[in-house]
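My request is simple: use the sequences and hints to build the entire structure.
Residue strings, one per chain:
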Amino acid sequence: MSVADIVSIYAIAAIWAMMMLNVALSIGGYIYIYRCNKTDGSIPPPGGKYPMVSVLVPAHNEALVLKRTVQALLNFDYPKDKYEIIVVNDNSSDNTEEILSELAAAHPESRLMCISTDKVVGGTGKSNALNIGFSVAKGTVIAIYDADNTPEPKALRLLVENLLVDDKLGAVIGKFRTRNRNASILSRFVNIETLSHQCMNQAGRYFFFKLCTIPGTNYVIRRSIIEQVGGWDVKALSEDTEISFRIYRMGYYIKLLPQAVTWEQEPHLLPIWFKQRVRWAKGNIYVMLKNFKYTFDRKAGPMRLDTLYYALVYSVMLTSLIASDFIFLGGILGTIQVKLGGFSSALWGMAILVFIANVMLTLSLERNEFTLESLGLVALMLFSYAKLWVLVVVKAAWDSIMDALFKREVKWDKTVRYVEGQ
Amino acid sequence: MRCNRLAALLLALLLAAPLIPAGAEETELPVPGDVLVVYAEEADRKAGEDNLSAIAQALFSLRYTADFVEAQDAGAVIGQYERVIWCDTAVSDRMDASVLTGYEGMLLALGQARGLEAFGLTAREEFSGSFMGVAEYAFDDEVSFRHSVSVLNAGAFDEPSYQSGVLAASGGQLPLASGSGNAHYLALQDYTDSFSRELLVQEIAQWLWPYDVRMPTYTQHVVLDAVYPFYDPYRLQTLVEYMVENRMHFVISVMPIYDHADYPAMTQFCEVLRYAQANGGAVILHAPNTQNSLDAEALSRQLTAATVNYCSQNVYPLALEIPSEWLFREDLLPLLRRYKTLFLSELDAFSVHAAKEYGMKDYLPTGIQQIVPALKLDETGVSHAARCATAVYLDMSMTEDAQLFSVIDAVKDAPFPMQSLWGMEQAVYTDEGHSLTWDQNTLLVDGAQRFNVYSPTPEGEPFDYKRNEYYRFVANLKNQNQFLIGISIVVLVIFLFLGAQSRRQMHRRFLKRGSQSTGGDQHVSS
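So the protein lines, in turn, are chains G and A. Under our numbering, the first residue of the first sequence carries the number 12, and numbering increases by one thereafter. Under our numbering, the first residue of the second sequence carries the number -16, and numbering increases by one thereafter.
Derived from the structure by calculation, the hints contain no laboratory data. Source: prediction; values computed, not measured. For each residue, glycine too, the CB sits at the ideal point set by N, CA and C. Some hints could be false.
To be verified - If you want a taste of the chain G side facing chain A, the calculated C-beta under 10 Å gives, among others:
id, residue
1, ILE23
2, ALA25
3, VAL34
4, ILE54
5, MET361
6, LEU364
7, ASN369
8, LEU374
9, SER375
10, LEU376
What the hints assert, rightly or not - Pairwise CB distance ranges (calculated):
id, chain 1, residue 1, chain 2, residue 2, range
11, A, TYR241, G, ASP308, 45 to 53 Å
12, G, ALA390, A, PRO445, 54 to 62 Å
13, A, PRO445, G, ILE17, 24 to 32 Å
14, G, GLY387, A, GLN488, 23 to 31 Å
15, G, SER195, A, ASP278, 46 to 54 Å
16, G, ASP308, A, ARG487, 43 to 51 Å
17, A, VAL457, G, GLN239, 53 to 61 Å
18, G, ASN193, A, ARG455, 51 to 59 Å
19, G, ILE17, A, ASN229, 47 to 55 Å
20, A, SER380, G, SER13, 24 to 32 Å
21, A, VAL227, G, THR330, 54 to 62 Å
Below you can see the structure in the form of structure tokens.
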């Protein structure tokens, strides 16, 4: 048996194992979302007493999108006297501050606060901006929204209502959708990926293990937890994942509420998308390395599954995809010959079918997404967009190694926004 | 500042480098070979080329180097050589012997005797022209050989100081080989058959032998050639036992084995080899079969693996058997120099073309023993010249037992010493620092002492070939394949069912809410 044969077996086994894991998560996620869709998600608190909520919005050069975001936040159907909006204008060089001043003047009845930082105290990333915003927040519940979000009016209310139901709930996260899905074929891909791999995966993990990872926006968290953990980790590029793991370790769990929806602007150009995803992957690698030790710690509870899952994705999944791509390319070029009998091309076809069906199942739960056009896009995605993930992780791993070797300061690369058509 | 000056100086030197005249470079002049072979640019080219190739092979066998030059160009270089072979064997092209005027070195004339009167050699009237004759020659004291030969304008020395053999033709007789002073003459025109080639080796050795005493005779090895482990071990054992009983020294050239050195066929084979090498025999490694182009690194890896595998079975390949073309490959020479003794399976690569292209240089440094294939004078294939170490190769796959035994008997009865490879120093070095040395009766493998003794191996457990493991594995993969396809079908059915459910739910919600939007879609922009 040649090296190519052994590598092939490894790739096939790993890819199928990971795919079956995702199939299981999809089925669990489907059941959970299906059940959720039977209700509107609302659980009014006893006596209608809503807690004070501080909505934190970190914003660094977000002038292009921020106005729309603040207007959406002002439009929450949450009691107006029970929430404040704190926009952290984080060392922006554009006219973010001016826009915020105009908004505050236009809505004197609202509790809209703008904190502007300079390069001395700010400009070092989202975690730092959140910590600054948190330092002036008055709410017992903290809500986080990215500056490009337009949450639905009921989103905050639903999140808070669900948080109050169980004291063991540390945070409640909502669903996010792609606002600009028709901007380019890339944003169409991102829209499908957001629904299938992010939302469905979260729902599946919640259904089976009561595990969710905070997605960075559209979530509420107890103030007491932020105080206990000492704020967000300023070294983490994926501050959301990082704080999720700390919440788990404190014994809380995190709930997904798909009825609480926010719409956000996703990258519509490849360079912007690539930069954003590398940042996410670097953040996840950091969190994985920081928390992998808990995989073998029984006291860590169900989060062990998450650390294991992350480790599998960034090692087994990555290497198996690289191996399979190399073998595929080598086979075409005639430089690699796999002489292994036993596996048929029907299996390869089945893997593609399962992948497509898996994604389509997710889309079937959304309005206007389960279409023939989507079917074609999913098939195209498999051979284009999905392949980019390998490049993203390889680049992130390389950057992480270089950062560690040369003790480079971790930089927050802000996602570039653009003006959408109304 | 100093750095700047130094940089400027270096830059100036670099810029000036192309201006330095090429003539300033030291040119290395080629070192002349031991012998200059002068020949005619003849019309009957093929026969002439074959003669020259025979000369090249004879000189190589005797480990002399040579240069080849046409007669018309010989005048300019002949003075640089102490030994000249004057090959005048062409019918259509007469060589101008005036280039030899004043030459005082050693001369060996082949073929026509015309124009060599200055050396005391005179063409005989009765041998004028081209015709067939019979040559009779005794390579040793015991057996005299007769052979039909072609003759062209032959002659004889007026006052020979040496003569050997007889050439009879046209009712007259001449010495087949003769000498007078520094000159030597062979009366044959064609040197392409075994008899003539053997004669050529014998007489070149005689011509070059500087002493009055008799020339030494060299050993002749009988080699069971290209023996594979899958050959019948009992047949090999029979041959080995026959030679052991006759107190012969012999060689077994084994094919390299890279894998499965623990298979019963291999261990049984090595059992016979261990018995042979402990009783007068020696094992050498046959060159790997290379169907594609030769690759030095691959060959080195193969030889290493084979040597290690045999040594692990206490079989010690003391030398390497190679085809002659390997000697013309510069990249293989470092590999060959890792061996103290090299057997050449043939000399085909020593054509006159190769000699002209690559030069008849000294391929192997002093200290490496080369053993060339014996020229077959009769059906036994045994050499009678013994002017260099030779090998009589027996092909076990082709030859019947009776033939094998007759050759073995012929070698046994030949009047030459039979020296064992264990009687000489041996050394083999392979990749990864592996070594096998035999020096002063001490055998070292990778520096650890081993002993060349034989003790029968007790019969062990039946060997598990694990032959079906791969097939079982593949069968298992097929099962896994079917299983995964089955799982996929189940998953697809489940997905289909769930998809239908969600569409139903979506439809119900749509009916319930009428045309009211769920709120989110209003954000979708195109």
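Cross-check of the supplied hints:
1. ILE23: Holds, about 9 Å.
2. ALA25: Check failed: Cβ of G/ALA25 comes no nearer than 13 Å to chain A, outside 10 Å.
3. VAL34: It holds, given that the least Cβ distance between G/VAL34 and chain A is near 5 Å, below 10 Å.
4. ILE54: With a minimum Cβ separation of about 19 Å from chain A (threshold 10 Å), the hint on G/ILE54 is violated.
5. MET361: Constraint on G/MET361 satisfied, holds at 4 Å.
6. LEU364: Where the cut-off is 10 Å and the nearest Cβ of chain A is about 6 Å from G/LEU364, the hint holds.
7. ASN369: holds, 7 Å
8. LEU374: holds, 9 Å
9. SER375: Interface hint status for G/SER375: holds (4 Å vs cutoff 10 Å).
10. LEU376: Status holds, d = 5 Å.
11. A/TYR241 / G/ASP308: 45 to 53 Å: holds, 49 Å
12. G/ALA390 / A/PRO445: 54 to 62 Å: holds, 56 Å
13. A/PRO445 / G/ILE17: 24 to 32 Å: Distance hint for A/PRO445, G/ILE17 holds at roughly 29 Å.
14. G/GLY387 / A/GLN488: 23 to 31 Å: Once the Cβ atoms are compared, 25 Å apart, the range 23 to 31 Å for A/GLN488 and G/GLY387 holds.
15. G/SER195 / A/ASP278: 46 to 54 Å: Given about 52 Å between the Cβ atoms, the range holds.
16. G/ASP308 / A/ARG487: 43 to 51 Å: holds, 44 Å
17. A/VAL457 / G/GLN239: 53 to 61 Å: Given range 53 to 61 Å: holds, Cβ gap about 57 Å.
18. G/ASN193 / A/ARG455: 51 to 59 Å: holds, 54 Å
19. G/ILE17 / A/ASN229: 47 to 55 Å: Between G/ILE17 and A/ASN229, where Cβ atoms are some 53 Å apart, the hint holds.
20. A/SER380 / G/SER13: 24 to 32 Å: Check passed, 31 Å falls within 24 to 32 Å.
21. A/VAL227 / G/THR330: 54 to 62 Å: holds, 59 Å
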